Amino acid sequence: MSFESLAVSKAPRSRTDLFVSFTWLGLQGFGGVLAVVQREIVDRKQWMTLSEFAEEWALAQTLPGPNVVNLSVMFGGKHFGPTGALAAMAGLLLFPGLLMLAIVLSFQAFAHVPMVASALHGMGVAAAGMVMAAGWRFGPSLLQHPIGRPLAVALTVVSFVLAALMHWPLVKVIGLVGLVSFGLTWWRLQAKDST
Amino acid sequence: MVALASQGQYMTLALFLDLFMHFCMLSLLAVGGALAIVPEMHRYLVTDLQLLTETTFSQSVTLAQIAPGPNILLVAVMGWNIGLQAAGGFEAGWTAMGMGVLMATSLLIAAVLPSSLLSYFTVKWLQLHQHARSVRAFRSGMLPLVMGLMLSAGWLLQTASNPTMDWRLLLICALSMLLVLKTRVHLLWLMLGGAVLGAVLGL
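Here the protein sequences come in this chain order: A and B.
Take the first sequence: its letters are residues 1 to 195, numbered as in this note's numbering.
Take the second sequence: its letters are residues 1 to 203, numbered as in this note's numbering.
Hints are computed from structural coordinates only; laboratory data are not their basis.
Predicted model only: the values in this text are computed from it and were never measured.
The C-beta atom is built at its ideal place from N, Cα and C for all residues, glycine as well.
Careful, some of the hints might be misleading.
Non-contacting residues of chain A with respect to chain B, defined by C-beta distances greater than 10 Å in every case (computed) [unchecked claim]:
id, residue
1, Ala11
2, Thr16
3, Gln46
4, Trp47
5, Asn70
6, Lys78
7, His112
8, Arg137
9, Ser181
Pairs of lysine-lysine, PhoX-like flavour, derived with a Cα cap of 25 Å [unchecked claim]:
id, chain 1, residue 1, chain 2, residue 2
10, A, Lys172, A, Lys78
11, A, Lys10, A, Lys45
12, A, Lys78, A, Lys45
13, A, Lys78, B, Lys124
14, A, Lys172, B, Lys182
15, A, Lys78, B, Lys182
16, A, Lys45, B, Lys182
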């Protein structure tokens, strides 16, 4: 059930396809894999439409645990059961984990070079920009939201202010904005269903 | 497990189990993702158990954010440093490296297993009830929250790499966002561009 299901999604071919695809995702995911997941799974592979992705991602983010790992488990499990979930998760963690250890080792050798620190800052903000872009892309879906444009935008702004500017604990942001948004959406859907 | 001495800390079976169970618990507390449990890990590993120093801890967080891969690999970096130090550091050679890999793997498994099982069974349950109004309301109702939290995550990452709000770094961040939205350029090029600009401008 999606609120703007225009495109049709394809499916992964096999568990190996899942493992390889998620390995590739993990290896190019900077600042967390989120920005890349959207680009690879929605744009390139077309395994999900943007609105399907928004829903799956909402679920992956609302459940406890690392978001992208949750998403890989949910997606792999949906297509190939428990072994599919394992294949997708292993792809996401195995080689990227080894690469991470290699990076930590080399960093521990070059940490004292000032240019390395400067380059790290540049990469850090570039990665931040990618994450923001991934969030921004939900804009069109947000404007079509069942609760109406002004309320949907207001709730987005409120969650940004609470989480990014006022540093509220995440549990509270999710509790407050999530409940209000869920309540309003439920109420709108009820009104729609009964007409 | 063999008790290995280092800087007054020992890796005993009891400590190992305590670490493993604690990360299993963190897995179920990480509402909103891996970065959400950073303050709690700091309290547990640096303040309480003193397994990691302040510097090692903050370096691990920065590296995990910048390196490719899911943010949860941060736990593997912590595990690596814990194992390495408990076995006597780099001077101890292969034993310490092996210990690092063992701790990295164990803690990463602890951090993803409980939450993955929960996700798996929740999705199966939701598939059966996907037409229920509450499930539909949940799914599309979360969109404003997700969008707000993703923009927040980006902003917090920017602040972590740019605490003084240098306008040149802000510009690199904005440029990277714009290029992702308007072009199909591969994200690796953006990272490389950020690295080169940062290094050349000495930011």
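Against the structure, the hints come out as follows:
1. Ala11: holds (15 Å)
2. Thr16: The assertion about A:Thr16 holds, with a minimum of 20 Å to chain B.
3. Gln46: holds (15 Å)
4. Trp47: holds (15 Å)
5. Asn70: It is violated; A:Asn70 is separated from chain B by about 4 Å at its closest Cβ, not greater than 10 Å.
6. Lys78: violated (6 Å)
7. His112: holds (12 Å)
8. Arg137: violated (7 Å)
9. Ser181: violated (5 Å)
10. A:Lys172 to A:Lys78: violated (30 Å)
11. A:Lys10 to A:Lys45: It holds: about 8 Å lies between the C-alpha atoms, which stays within 25 Å.
12. A:Lys78 to A:Lys45: Satisfied, since the Cα-Cα distance of roughly 16 Å is no more than 25 Å.
13. A:Lys78 to B:Lys124: holds (8 Å)
14. A:Lys172 to B:Lys182: violated (34 Å)
15. A:Lys78 to B:Lys182: violated (32 Å)
16. A:Lys45 to B:Lys182: Holds, because 19 Å separates the two Cα atoms, which is no more than 25 Å.
Hints 5, 6, 8, 9, 10, 14, 15 from the earlier list are contradicted by this structure; the remaining hints agree with it.
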